[in-house]
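Participant: Listed here are the chains, written in short residue letters.
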Amino acid sequence: NAGVTQTPKFQVLKTGQSMTLQCAQDMNHNSMYWYRQDPGMGLRLIYYSASEGTTDKGEVPNGYNVSRLNKREFSLRLESAAPSQTSVYFCASSGTGTAVQTSTNEKLFFGSGTQLSVL
Amino acid sequence: GDSVTQMEGPVTLSEEAFLTINCTYTATGYPSLFWYVQYPGEGLQLLLKATKADDKGSNKGFEATYRKETTSFHLEKGSVQVSDSAVYFCALARNFNKFYFGSGTKLNVKP
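Chains as they are written, first to last, in the numbering used here: chain A, 928 to 1046; chain B, 2 to 112.
Treat the hints loosely; a few may be bogus.
Quick list of the computed label-pair ranges, beta carbon to beta carbon [said to hold, decoys possible]: (1) A:980 <-> B:70: 40 to 50 Å; (2) A:984 <-> B:82: 36 to 46 Å; (3) A:946 <-> B:70: 40 to 50 Å; (4) B:79 <-> A:968: 22 to 32 Å; (5) A:968 <-> B:82: 26 to 36 Å; (6) B:52 <-> A:983: 41 to 51 Å; (7) B:54 <-> A:996: 38 to 48 Å; (8) B:2 <-> A:981: 14 to 24 Å.
Rough simulated footprint, nothing fancy, chain B against chain A, three-plus residues with beta-carbon under 8 Å [said to hold, decoys possible]: (9) 969-976; (10) 1038-1046.
The hints are simulated quantities; they were obtained by calculation from the structure and are not laboratory data.
On a predicted model such as this, the values are computed, not experimentally measured, just so you know.
Glycine included, every Cβ here is placed at the ideal spot set by N, Cα and C.
Looking at chain A on its own, in the form it has when it is part of the complex (with noise of 0.2 Å):
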């Protein structure tokens, strides 16, 4: 059972340096999320994949890129990372049906977490 993977859990870059948060899900969900956690503005959305294939920004998207490698996995890149972006960042995915089926689809899963500082 493990449900959403995320990876690394802990990272530490230098600013100007790149990394990529991967993401996996093993529940055959449709959509996929990043969150990024920061103390007092709970989690804001990044970006979301609605279905493989499609990706959208959230609330917060400049400075980073996603990609929605196939139906299990969302990836989240940080370019050229600044201070700003030392945060939490969660991965989660949702909805095995239709858009219809709106009480599965509402439930989230969230994965662990990476704690990324940037320097």
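Given the coordinates of chain A, assemble chain B onto it according to the supplied hints.
Facilitator: Using the frame of chain A, we list chain B on its own:
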């Protein structure tokens, strides 16, 4: 735009005390409302949800009622335990791809 506002923490209670964490929302239409819980070092887990006005979500002794007239979804528990210590997030979803989370309320329960 859609948003969720919840009470700031931390909230510190003694074991068996009554818990209320306030949550209000702003949204057009009829969103679904949720409470998620985050235990230390883990991702968020769904605690309960309500999908329409006057619905009551409940789980593990926690309850919340969807109040459209006051745009609220307050979390309550009659008797908290030390194991309830966590961060609690109120959230709404107006369509299944867009979830909006509050800033989280940390609960500390002392024995």
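Participant: Does each hint hold? Answer for all of them.
Facilitator: Status of the hints after comparison with the structure:
1. The beta-carbon spacing between residue 980 of chain A and residue 70 of chain B, approximately 42 Å, falls within the hinted interval of 40 to 50 Å.
2. The hinted range of 36 to 46 Å is satisfied by residue 984 of chain A and residue 82 of chain B, whose Cβ atoms lie roughly 41 Å apart.
3. A C-beta distance of roughly 47 Å is found between residue 946 of chain A and residue 70 of chain B, which places it inside the suggested range of 40 to 50 Å.
4. The given range of 22 to 32 Å is respected by residue 79 of chain B and residue 968 of chain A, whose C-beta atoms sit roughly 31 Å from each other.
5. In this structure, residue 968 of chain A and residue 82 of chain B meet the distance hint of 26 to 36 Å, their C-beta atoms being roughly 28 Å apart.
6. Taken as a hint, the range 41 to 51 Å is violated for the pair residue 52 of chain B and residue 983 of chain A, whose Cβ atoms sit roughly 23 Å apart.
7. Hint check: residue 54 of chain B to residue 996 of chain A, Cβ distance near 40 Å, so the stated range 38 to 48 Å holds.
8. Checking the proposed 14 to 24 Å range against residue 2 of chain B and residue 981 of chain A shows it holds: the Cβ atoms sit about 22 Å from each other.
9. Counting residues of the stretch 969-976 of chain A whose CB lies closer than 8 Å to any CB of chain B gives 5, which reaches the minimum of 3, so the coverage claim holds.
10. Restraint check on the stretch 1038-1046 of chain A versus chain B: 3 residues with Cβ-Cβ distances below 8 Å, three needed, restraint holds.
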